[in-house]
Amino acid sequence: MKAIRYREIDGNSLGYFALVGILGLIVAAGGLAALYMEHNGHWVTGMTNQVVWGMPHVFAVFLIVAASGALNVASISSVFNKKAYKPLAPLSAILAVCLLLGGLTVLVLDLGQPDRLVVAMTKYNFKSIFAWNMILYNGFIAIVAVYIWLMMERKMNVYSKYAGFAAFFWRLILTTGTGSIFGFIVARQAYDAAIMAPMFVIMSFAYGLAVFMLVMMASYKWSGRELGEGTIQRMKSLLGVFIGAVLYFLLAYHLTNLYGTENHGVEAFLLVDGGIYTKLFWYGTILIGCLAPLFLIFCRFTKNSNTAIVIACILVILGGLSQMYVIIIGGQAYPMEMFPGKIVESGFFDGGVKSYTPTLAETLLGLGGFALALIMVSLAVKVLRCLPVSMADKDVDPHYKAEAK
Amino acid sequence: MKQDTDMNRRRFLGQAAAAAGLAVAPGVMLYEVQARPAGEAATSKQRWGMLIDTTKCEVGCNDCVTACKTENGWGASETKSSTEQQAQWIRKVKLTDKQTGHVQSLPLMCQHCETPPCVDVCPTGASMKRADGIVLVDKHICIGCRYCMMACPYKARSFIHESLSGQKAHAPRGLGTVESCTLCVHRVDKDGTPACVESCNAKGHKAMYFGDLNDPNSEISKRLKEFGGQQIRADLGLNTGVRYQGL
Amino acid sequence: MVYLQRHIRKLVTLVGLGILLSLSLTSQAADLKPVIPTAKGGQCVEKTDVMRKNHMEFILHQRNDTLRRGIRTSKHSLKECIECHNAPANDGKVARISEKDHFCSSCHTFAAVKIDCFECHADKPEAAQYRTSAKGGH
Amino acid sequence: MTALSYFFVFLFYAATAVFVIGVARKIMQYARTPAPLKIPTTPAPVTQTGVVFRMAREVVLFSSLFKSNKWTWVFGWMFHFALLLAFVRHLRYAISSDNILWPLINNSLVLAAGQYGALAMLLGLTGLFGRRIFVDRVRYISAPSDYLMLILIFAIATTGAMMSFVTHTDIVQLKSFVLGLIWFNWQPLPNDGLLITHLALVALLMLIFPISKLLHAPGLFFSPTRNQVDNPREKRHISPWGQAIDDAEAKAKA
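Chains as they are written, first to last, in the numbering used here: chain S, 26 to 430; chain C, 5 to 251; chain Y, 716 to 853; chain V, 1494 to 1747.
In case anyone wonders, no lab produced these hints; they're calculated from the structure.
Quick reminder that beta carbons are idealized off the backbone N, C-alpha and C, glycines included.
Heads up, none of these hints are tricks.
Below, in silico cross-link-like pairs of lysine-lysine (DSSO-like), each with a Cα-Cα straight-line distance of 27 Å or less:
no.	chain 1	residue 1	chain 2	residue 2
1	C	K49	C	K194
2	Y	K794	C	K194
3	Y	K808	Y	K794
4	C	K98	S	K379
5	C	K84	S	K379
6	S	K111	V	K1560
7	C	K172	Y	K794
8	V	K1560	S	K407
9	Y	K794	C	K133
10	Y	K790	C	K133
11	S	K148	Y	K768
12	Y	K768	Y	K829
13	S	K111	V	K1563
14	S	K108	S	K246
Here are the simulated distance ranges between beta carbons:
no.	chain 1	residue 1	chain 2	residue 2	range
15	S	V408	Y	G731	32 to 42 Å
16	V	R1550	C	K172	50 to 60 Å
17	S	L60	V	Q1736	50 to 60 Å
18	V	I1675	Y	V828	13 to 23 Å
19	V	R1729	S	K108	48 to 58 Å
20	Y	E795	S	G46	48 to 58 Å
21	S	G46	V	I1704	44 to 54 Å
22	S	L60	V	W1676	30 to 40 Å
23	V	S1556	Y	G731	23 to 33 Å
24	Y	E761	V	S1601	19 to 29 Å
25	V	V1545	S	L60	29 to 39 Å
26	V	I1731	Y	G731	22 to 32 Å
Generate the whole structure from the sequences, applying the supplied hints.
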């Protein structure tokens, strides 16, 4: 195994400019959508006083959760000392920061008063898990930035392990915090469950790794560098394990809910007769987001195909977005139980299932955040030495020869 | 204009009376002045609350809601928002028992909890509870994240979805911030009664009582002591300031 | 010398552009001071030079006292500022915040200081009515 | 009008004259200085348009500095960008509401960026200062004027930020003063210690700018390693005095 050499990608090809150009257009569209929303107010969105969080939050929460998971590769190398993952640790950390920034941008631009960001940064209510999250997000960016610096500055390399440890623990807390945003809401039937926190941690592992694998495979394919089968196969198996864990947590979440009679209503809504939410859960999350990728990863006809793995990663991401939609929007659409045993009617939509139809503006804002994260990664690999020149198995795999025998 | 003149006259008389009360002799009051002086902060000696007798609340009557709209200036000003986006500080809810078909009616608004979930979750501290138990939104530092709306078990809060103009001087409200029932805090601070309660009494229903829950001699305390009162979603243990009878 | 002349021509062009730019930066009308509408009468709650520098601090302090603690003194309250400084003219009408001759806008427009007070707060005394014909709007 | 106001009126006219004439003279000097050889740092653009892009990248992103030292780049770029934001915010004192540029100035995003940019500026300056103190190689080559410039700009930024964040000044009267300067209709300066210090330091900066290292601002454009096209084979590079020798030789041959 040779010493790993890092170099910027050239980034002068037509393909690179096309990529940055297309992403830039999506970012611009998202920016315009945000301006439009702020100029008019939220009446131009599908969000209402009944469904108060919408499409922007689906994307923002997904990106934030994926950000934490994108750090997987770096964590595995620094914390669990797996040498094969080490060369990709800088890319993993950079992707994590970019995804988080993308998600936070969406979250901030959706605020009713985005120009009061300074207020949000200076006034904290420490009882609020939301305020905690702001500290967790900023802290994550700071810690991972230091981590990236320690990994990229050769003479500081020896210390990168400690920053890796810090980042690892920090991001576990971060995803716990994000899950708790929902877990701590006692008011709504679909939330108010402690399992939300660990479930978000597990989801972050799967979504983050899927995004990372796509970014890694694209970077190597499009820059004409070599990426060994060993790396892909190793990560793909890991992804399979994470998807299985997500399935397990979903099962546990719904089974615990079903045990209590008071939750039968909301469970029936999500699992049986909730219309779009039921469909999204079974087809989106379970079929597209879990079972199909598992099949692609472990079935012996597809498991060695890189195309199948790319498709599996894309499906995991789509399934993740769909799961976020079910949790965030579905959880709000189900009526709050204020008067058990009564039929409730009012001039403020009490009693019935709330409707939500996202408009173009809020969807573009969400997509813009995704594109922003990806464009930042594209620029980062061009200006920073974070991508190994070769990820060929013989260059990075410490057990390569042993296996080749 | 007529109404304004009346208001001014009333204010003038009130001030004159207060001056007369003070003028008799230092330290001697002819009558007990109820209102807290303007320069004094609200304290936890009081806890303002409301009692709603659902047996007296008439199905189909909307007077409390109308009075609140008139008093605080919401309802007519939002022209672009859809009905699901328009503000609703107080609403009438009709309940029909699934088993017996018994029908009840009640007004529902911010319940002014002792331990309000909205205050707990607010990241900036804009959601706040005054010392005397009134739960308010400090719109100066509200960033419009709507987490309080997610957390409120009563769906009592509204987000303003469009630019407003022509607000009432005593009820500032505007784009991109969250708002809810203030218990007519501007009236309460002048020893007044919330507009909804006043309108309910004016109609002769007398289904709503307002007063100090900490004062055992207040009418609301006496009634609660005698007849008891329920909280909506009592299972959450929020110790609401708004109580219901006959629920 | 050809070399030098070429560069001098460039320089002259640049300087010319610079002068044009600086001219465009300056105003045509050259109002050196804002026209501040007069108040209802009497002395303001603080001295003028103190108000000019610190009115925002007073209002900020008062807003927290009023909203969070229920202290409703009128001395530094925005409502009272408006009562006195945007009092109805002879025709009984008042200016809107969007007009240059509203008391607050007069200076805030002049110095380009953005305020969002009137997104929520009333910009006129409770009883007063707006003018129908806006003048001096911006 | 107090004597102090008159003094500041005079000071600003004098400082502006020294600044404009001084910098113009320097630019003339740079323009006249011969570039005898073709020495663009490669890889360099091979067309004139390419050079414009390269120069733009240099001016906007400090790309050479980025390649050579990331820390200096972070703080340096942070400082310069914040300086731009602060400059744009200050334009509101010099232009009126009927100006075409007014919408740019009277814009909450730009105004807020300018205000909080002050903090970024101070952070950037602290970094640049720390570099001169803590990095051995840089400390060795630092001259007193290097420190002086940093301290001067730091003082200007601090006094400015204090007027924004700590104790306010009467900016309506300040704007009257500035407009009075532009329209030769002098107005009194607000009597405020912080503001007077701020303005005096700015005038000092303008006075010494033409003889200081800050001339790197116009100087960058005249840097031959950056402003030359990489086409020595396609087009022969002849310096003015080289041309003279060529001409003389040609004459002699003829």
